[in-house]
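From first to last, the protein sequence lines stand for chains A and B.
Each residue of the first sequence is one higher than the one before, starting from 7 at the first, in my numbering.
Each residue of the second sequence is one higher than the one before, starting from 156 at the first, in my numbering.
Treat each hint with caution, since some may be false.
[Stated by the list, open to error] With a cut-off of at most 16 Å between alpha-carbon atoms, the simulated EDC-like pairs for lysine to aspartate or glutamate come out as follows: (1) B:Lys207 x A:Glu87; (2) A:Lys172 x A:Glu87; (3) A:Lys41 x B:Asp179; (4) B:Lys204 x A:Glu87; (5) A:Lys84 x B:Asp179; (6) A:Lys41 x B:Glu192; (7) A:Lys172 x A:Asp83; (8) A:Lys41 x B:Asp193; (9) A:Lys84 x A:Glu181.
I should point out that these hints are in silico values taken from the structure, not numbers from a laboratory.
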Amino acid sequence: MANKLTENELWILSFYRTSEISGALFFGRLARSMKPGQIQRDMTKHFSDESQHAWYWTSCMQRFGTFPLKLSQAYQDKYLEAAGMPANLMEVLAITQTFEKRVIAQYALHSRVPGLKPEIAETFTKIMEDEKWHIEWVGEALKRMEPEYGKSYIDDTLKRYWKADKEVYGAVLKEHEDRVQDLLRYRKRTA
Amino acid sequence: MAEFLQHPVQKLQDAAILTDLVTDSMILVNMVIDLQEDFRIRLVQEDLKDVKTVGQLLAVFERKMSG
Numbered sequence: 007m008a009n010k011l012t013e014n015e016l017w018i019l020s021f022y023r024t025s026e027i028s029g030a031l032f033f034g035r036l037a038r039s040m041k042p043g044q045i046q047r048d049m050t051k052h053f054s055d056e057s058q059h060a061w062y063w064t065s066c067m068q069r070f071g072t073f074p075l076k077l078s079q080a081y082q083d084k085y086l087e088a089a090g091m092p093a094n095l096m097e098v099l100a101i102t103q104t105f106e107k108r109v110i111a112q113y114a115l116h117s118r119v120p121g122l123k124p125e126i127a128e129t130f131t132k133i134m135e136d137e138k139w140h141i142e143w144v145g146e147a148l149k150r151m152e153p154e155y156g157k158s159y160i161d162d163t164l165k166r167y168w169k170a171d172k173e174v175y176g177a178v179l180k181e182h183e184d185r186v187q188d189l190l191r192y193r194k195r196t197a
Numbered sequence: 156m157a158e159f160l161q162h163p164v165q166k167l168q169d170a171a172i173l174t175d176l177v178t179d180s181m182i183l184v185n186m187v188i189d190l191q192e193d194f195r196i197r198l199v200q201e202d203l204k205d206v207k208t209v210g211q212l213l214a215v216f217e218r219k220m221s222g
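Looking at chain B on its own, in the form it has when it is part of the complex (with noise of 0.2 Å):
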């Protein structure tokens, strides 16, 4: 995440807002998609409905991945 956003991971807390770290949106898209692929998960938009935060996301990749 930290290497996609070009941040410095000590920046990328859990509380961070996503679209406070990126200065285009669609880089957020880009980013999701990425990591799916790494993680060979599948995501629909319902899963991201209520993500904001770099928490969040965390937590529903954890969540995709145990189950």
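Chain A on its own, in the form it takes in the complex (with noise of 0.2 Å):
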């Protein structure tokens, strides 16, 4: 069994965990719902993607011999109250553009931090591929909805969102200001 997790590192891995499940859910329920197509056809392979990296995260924290902590809030759950409710299909997605591209910068920083866990490691790299193609699959569904909302309407709801998202990452890294000393020295360091 690898070396134990830290108090703070068990709380951020289910952190990611439950941001990943809160994804899952919200995808899976909306690819319930999709017409026939190839967004639906995405968006169940998203869903079926988070929803593997919820059990990737788990499966990591067994392998140091623990389970994940029961966490009520998601990153998600922020984004709304910040950035108000999507009304349509496409600002989902532009709000999903916007996430996915948190997601992957916060796991790239994180992955960087010396003295990282190979266990965990492992796992960013695993997780950072599907998410690679997750932006690219909203992209490309964002750019063929130009014609029918509008190039610019698009452009604004991006740039909207990114606002939000700046402001809730502040939010939540002040928020867990103890529990993500590592990851904010280490973001200093490299700024």
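Hints in hand, dock the two standalone chains.
Next comes the structure, spelled out in structure tokens:
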């Protein structure tokens, strides 16, 4: 069995797992009600990936002889408060694009923190491959939506969500400052 | 709406607060998208800006469908 996780490591991996589960549930419900087509197909794959990621984190924690913490809030929950509720499929995809970019940036940052346990690094590598595809398919879908929604409406929506994402990310880091000290130190050093 | 939120219709009074009816607010996003597919209308975020209750959401849908 691998070395034990620290309390903070266990918390942050549990937070990642909770956010992956929230994503899976959200996309699963959406995929179920989508009209037949490419978005329906890609959304189903996206849902399946997010579920798989939740399992990867669960299994990663188990390799350290522990189970995930039960956390009530996921990263996504804060999005709606900051950005407002997306009201159509384009807005959902725009918020997804923003969120996925944040996830990949966060995982990339965390995966570079010196002294990271190999089991965690391995999990990041597996997940980040899928995340790249998520950004790709959502980007392509948004491009295909341009004739229907208008490029400027899509661009404005993305801008609005970027702004909200910055606020949410900052607020989450502040709220859990004590849990993510290593990450914050590394981020500051490499900024 | 009742089917999506898994509540009896009787519980969905006009004054019921939407966020009180779900454990996860993302369910509301799913529901609104789903209803738009069913009724073949399109909402934008502005339409939902002041929507807090079941009655207010229904009014938005009625307005869009009649317009």
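Hints, one by one, checked against the model:
As the CA atoms of B:Lys207 and A:Glu87 are separated by approximately 13 Å, the hinted pair is consistent with the 16 Å bound. Taken as a hint, the A:Lys172 and A:Glu87 pair is honoured in the structure, with Cα atoms around 13 Å apart against an allowance of 16 Å. Restraint check: the Cα-Cα separation between A:Lys41 and B:Asp179 comes to about 24 Å, which exceeds 16 Å; the hinted pair is violated. Proximity of B:Lys204 to A:Glu87 is assessed by CA-CA distance (about 12 Å); at most 16 Å being required, the pair is judged to hold.
At roughly 11 Å between alpha-carbon atoms, A:Lys84 and B:Asp179 fall within 16 Å of each other, so this suggested pair holds. For the suggested pair A:Lys41 and B:Glu192, the alpha carbons sit about 8 Å apart, so the restraint of at most 16 Å is met. For the suggested pair A:Lys172 and A:Asp83, the alpha carbons sit about 15 Å apart, so the restraint of at most 16 Å is met. About 10 Å separates the Cα atoms of A:Lys41 and B:Asp193, which keeps this hinted pair within 16 Å; it holds.
Taking the CA atoms of A:Lys84 and A:Glu181, the gap is about 12 Å. The hint holds against a cut of 16 Å.
The structure fails to meet hint 3 from the earlier list, while all remaining hints are met.
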